[in-house]
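These protein sequences, in sequence, are chains A and B.
Following our numbering, the numbering of the first sequence begins with 1 at its first residue and continues without gaps.
Following our numbering, the numbering of the second sequence begins with 1 at its first residue and continues without gaps.
Check each hint, because a few of them may be wrong.
[What the hints assert, rightly or not] Restraint-style ranges between C-beta atoms, simulated for each label pair:
1. B:Glu-84 - A:Asp-71: 19 to 27 Å
2. B:Glu-106 - A:Val-89: 55 to 63 Å
3. A:Asp-81 - B:Val-27: 30 to 38 Å
4. A:Lys-94 - B:Leu-132: 29 to 37 Å
5. B:Leu-116 - A:Gly-69: 36 to 44 Å
6. B:Ala-127 - A:Ser-26: 47 to 55 Å
[Stated by the list, open to error] Below, a sample of chain B positions facing chain A; criterion: calculated Cβ distance under 10 Å:
7. Ala-14
8. Gly-17
9. Asp-44
10. Phe-48
11. Asp-53
12. Gln-54
13. Asp-55
14. Arg-89
15. Gly-90
16. Ser-92
17. Asp-95
18. Arg-119
19. Asp-124
20. Gly-128
[Claimed, not checked] Covered stretches of chain A (in silico footprint by chain B; criterion: 3 or more residues with CB under 8 Å from a CB of chain B, positions within the stretch not fixed):
21. 20-34
22. 55-64
23. 86-93
Derived by calculation from the structure, the hints in this document are not laboratory data.
For every residue, glycine included, the Cβ atom is placed at its ideal position computed from N, Cα and C.
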Amino acid sequence: MSILHVVNKSPYERNSLDTCAAYVKSGDAVLLIEDGVYAAIKAGAAAGKLAGLGEVCALAADLAARGIGEDKLADGVKVVDYAGFVDLVEATDKVQSWL
Amino acid sequence: MSETKKFMYVNRKAPYGTIYAWESLEVVLIGAAFEQDVSVAFIDDGVFQLTKDQDTKEAGMKNFSPTYSALGDYEIKKIYVEKESLEERGLSLDDLQHLTWEDEDEDYAEKDLIQLVTRAEMADILAGQDVLFNF
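Can you make the complete structure from the sequences, with help from the hints?
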């Protein structure tokens with residue numbers, strides 16, 4: 001039973017990503033949206049928290065809004081659009097939003 | 001005429017996840033009309049407010065980041081960005097908008113508006129203010 005973990009808070013302000021990371025199991029996916037996408041900046045201190053989380057995606061619209069170009073993304077982070085968000089929801093059994 | 005006070009606006013929130021950043025910018029611009037000695041500080045996630053190339057079309061929100069370039073025209077000459085906050089987030093000064101103000105005492109020479117300061121320096125700057133507005 002796979003879970004899509006959605007993180008929408010900045011890793012520099014809240015512990016949502018830390019808690020999420022502790023709950024991710026094999027076969028799950030992590031989607032960064034809204035301020036959660038700040039975790040995907042390669043040179044940032046939080047990027048290291050993404051390693052070992054399996055499939056990590058970030059929403060394109062929220063990356064663009066925050067001026068985070070593809071060149072700044074941590075390795076392995078997959079950029080998805082809104083349709084990709086829907087695909088992730090469909091591909092997993094349930095969704096856990098770490099609000 | 002009352003005495004001029006040192007006002008500082010302290011920004012600690014990322015731009016789009018909450019309304020704080022936008023509200024702060026509006027208050028800064030309104031407050032600029034009162035001819036006080038205004039400084040604006042960006043600490044923690046507040047530094048994300050100043051990043052360049054923000055494009056909110058797909059996200060369906062208003063991109064208010066171009067408005068920061070108006071601060072210089074509103075006689076705001078001191079914008080402080082905390083170095084440690086930038087670095088922790090994988091950013092450098094190059095990732096921020098290049099904001100300037102024109103110094104009328106020097107034939108309208110364009111001067112950099114953003115000053116990169118250390119956390120310790122920011123603490124001293126904070127301590128030297130009369131009034132702090134927190135966002």
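For each hint, the structure was consulted:
no.	hint	in the structure
1	B:Glu-84 - A:Asp-71: 19 to 27 Å	24 Å, holds
2	B:Glu-106 - A:Val-89: 55 to 63 Å	58 Å, holds
3	A:Asp-81 - B:Val-27: 30 to 38 Å	35 Å, holds
4	A:Lys-94 - B:Leu-132: 29 to 37 Å	45 Å, violated
5	B:Leu-116 - A:Gly-69: 36 to 44 Å	22 Å, violated
6	B:Ala-127 - A:Ser-26: 47 to 55 Å	51 Å, holds
7	Ala-14	5 Å, holds
8	Gly-17	4 Å, holds
9	Asp-44	7 Å, holds
10	Phe-48	6 Å, holds
11	Asp-53	4 Å, holds
12	Gln-54	4 Å, holds
13	Asp-55	4 Å, holds
14	Arg-89	5 Å, holds
15	Gly-90	3 Å, holds
16	Ser-92	8 Å, holds
17	Asp-95	8 Å, holds
18	Arg-119	14 Å, violated
19	Asp-124	23 Å, violated
20	Gly-128	26 Å, violated
21	20-34	violated (count 1)
22	55-64	holds (count 4)
23	86-93	violated (count 0)
Against the hints set out earlier in the document, violations occur for numbers 4, 5, 18, 19, 20, 21 and 23.
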